[in-house]
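Participant: Dock chain B against chain A, hints included.
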Amino acid sequence: MQTIERDLVIIGGGPAGLAAAVSARKNGLDDILLIERDRILGGILNQCIHDGFGLHTFKQALTGPEYAQRFIDEFNRLGIDALLDTIVLSLDSNRTLTVSSKKGFIRIMARAVILAMGCRERTAGAISLPGTRPSGVYTAGAAQNFVNLQNIMIGKHVVILGSGDIGLIMARRMTLEGVKVEAVFELLPTPSGLARNVRQCLDDYGIPLFLSTSVFELHGKDRLTGVTVARVDDRFQMIPETRRLVPCDTLLLSVGLIPENELSLSAGVRLEPATSGASVDDRFMTNVPGVFSCGNVLHVHDLVDHVSEEAGLVGRCAVRYLKGEPAPEEAFIPVVPKADIRYVLPQTISGKEDVTISLRVTRPMRNAAVLVTDRDRKVARKKLVRLHPAEMIRIKVKAKDIETAEKLEVSVQC
Amino acid sequence: MENHYDVVVIGAGVVGNAIARELSKYAVSVAVLEKELDVAMGTSSRNSGVIHSGIHYKPGTLRARLNVQGNALMAGLCQDLKVKIDYIGKLTVAQDEEEVKSLYTLKDQGEANGVPGLEILDPGAMEKIQPRVGGIKALHSPSTGIICPYSLTIALAENARANGCRFYLGHEVTSIQKTGDRFDIRAGNKSFSAKILINSAGLYSDHVARMLGIDEYRIYPCRGEYLILDKRLKGTLNVLVYPAPHHGKAGLGIHLTNTVSGNILIGPSNEYQEDPEDYACTADIMAQLRREGHVLLPELKTTDFIRSFSGLRAKQTPPEIGGFKDFVIESREDVKGLINLIGIESPGLTSSPAIALMVRDMVTSLLPLTPKKEFNGARSGMTGHFYELSDEEKADLVAQDPDYGEVVCRCEQITKKEVLDAIQNPLGARTINGIKYRSRAMMGRCQGGFCLPRIVQILEKEFGYRPEDYYLKNLHSPLFSGNMRPDKTRV
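Going down the list, the sequences are from chains A and B. Take any residue in the first sequence, count from 1 to its spot, add 109: that is its number in the numbering used here. Take any residue in the second sequence, count from 1 to its spot, add 5: that is its number in the numbering used here.
Keep in mind the hints are simulated off the structure, nothing from the lab. You may find that some hints are simply not true.
[Unchecked claim] Taking lysine-lysine pairs in the BS3-like style, the calculated list, with each CA pair at most 27 Å apart, reads:
no. : chain 1 : residue 1 : chain 2 : residue 2
1   : A       : Lys265    : B       : Lys493
2   : A       : Lys492    : A       : Lys447
3   : B       : Lys493    : A       : Lys289
[Stated by the list, open to error] Here are some chain A residues pointing at chain B (derived, C-beta under 8 Å):
no. : residue
4   : Glu175
5   : Ala191
6   : Gly250
[Unchecked claim] Chain B regions said to be covered by chain A (calculated; three or more residues, Cβ under 8 Å):
no. : stretch
7   : 205 to 212
8   : 307 to 321
9   : 456 to 467
10  : 477 to 483
Glycine residues also receive a C-beta, built at the ideal position from the N, C-alpha and C atoms.
Isolated chain A, as found in the complex (with noise of 0.2 Å):
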């Protein structure tokens, strides 16, 4: 069996494994491998062929393909190594891969390693949906991929569980084809999915949304033929008297989507609860040396232009890593979310560089201010008009305010 060895392999050819390759690069690492299990690279964005993509980087108003294509294009011209149609089917805490191809079966062994595998979606079957087991039930992702890569129109009478923004844009695409939407259902009180897609997906079509409401039974033996919905009380019970049938032939699933970690379990990354992701310090670097993670596999991003800016520096922290750059010391200060902080990330960093914080908050709130502080000191802080769950707030920390911290506790004050 073949071996081989290099210095960087990224692991996932999407938006973050794309940044990260082009980043590496540009901070002088010539020994870079990406390996991609799609024919294509830009993963995921090949199939988001609405506009909205690259506002934030390139200030314009980009789609999908058209965002990850600008990257291809850098990646391609730097002359970067990548190895399409491949899959890694392990990695262990040497950063050693096995990879697979139709080209053959070779080991990689690596010196550092970049995770950028993304993410998945919920299934009905992660969220324990009752009823039959019918055909006509999908995830989001996988109806886009059937209708804007296949030429596929997956049904004619469609309802959709979850407001994530997915959902929301197949809501308008599904709409846009002449298929009757009838609504979405949202478990939560609050749309999981940005205001500007509820705004510009559902409320410009007409598309009902119809919060703290999910589905809790599937109807019809062989294709769906309905669903039954009903309202939850504030503890997400159902409410009986709330029941009612909604006819439908198709069932988008917009609930949820899971980083894909399973082989960062398989090297020994410790993963985050809060995040489903890795525990990364400043340099995004997880508990095993050489191995660093960015992306969607990382923390699950609300815009892509997010995922490049993080990946970039990922890419610049890694070639340090490789070219010997001494470690910050082993007493990293942790960070620690509080009061209506779902998560943060890094996990830790060293207090020796500026950091970016970034974080999602649990409730939607207005007018309050995200704070940073070490034993009350305040350390940052940021003002911010409106706080929701779905979008994503990044807060700078300078390194002269945390030369002496020992831990920063996050929190909003409103």
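Facilitator: For chain B alone, kept in the frame of chain A given last:
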């Protein structure tokens, strides 16, 4: 008549297929009629996949005898058919002295049935077999095994097919008439005739018997729901662990079951249903299984539930009576040539090879059987899946056939070669579930979110499927409604 057979078997479940495969060793013509578009679509694919030892059944019953005999036959059969089987053993655990007594009763019963290797263990020995098992004593039955029930059912059919047996999928029997010494059967708008008719229609066996004027049987479908757990938990369970029988407790209770593919099942429940095809899962039972799962398996997280399913037991006892009745396996005197198999619920899977021998003997007394020299009981291919091989073996296979190098289903690491083999199966089954059951693609934690679009691509590019050609399980379950735009690449 065109479709003229010596023997017609109704029902392509594990029992029907085991009979067909057994008869394919002899110089008789055999056809299997199945109403679904694939084999193993009923109870045979919807159960725990346990090869029972035979401790639970009363000595002298058919269930006891056929279970023990079937268990012993299964090892050789699986080797021939390249079906993975693992005799992992089972602990039946007692929590108090009352239950300890029931363990000794079970042991005596098992030994009377001829179950090998039974031992009552102390906590120390129990702990060695299964850490943190709890309880004060346990009965260890080493001959209990696990198997993939639909893999076995499919393999039996494929081997029967290879030895000359014909399978008519999608052929529902609508009428049967006895004319002289032959049966005239209508199925799927075709006429068949047979000298011997074997009714192994499972949940519909009473219905088929009634077509011939036999009114004494009634099947009461009794549903069992299961939850399937993520492979992350593989290895937490070394053996099967069941609670000791308790007074007034029906069935074997909800428990954890290992599968040969590494998932753990929680279940099954016990609910009588009117409809012999009601495979729904219910909110109440799912919640109960989740609760019990957390008790039985402390490591369990809510994200570990990947799917639920249910199956129906073909019970002969109505809900108000409950419990079990013995299998009915009979060669009818009043309808000569008819062999009825009624109420083959658990341990039907384990017993299937022994049932096949018993039915063969019944056939012999009606129609002398001569062995066929050309019979080949070995199935080609590999046992298990690509992902179970060592790195070196994988590298060799990829070098031989590049389609092994392309992983289609990332969760289960199922290769394109395995998907192609499933599509081109010898029985000609063409549903998406057929591909799933054969290849294991779409059975992982993403439930086909990643690989279904890829499998659709393969079917379109390499087999010319149009959007309207995809069915989940039957002709009423289309996946798609058509093209988005007219497909200009087609004429």
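Participant: Quick one: which hint numbers does this structure break? Sort them smallest to largest.
Facilitator: Hint check: 4, 5 and 7 fail, others pass.
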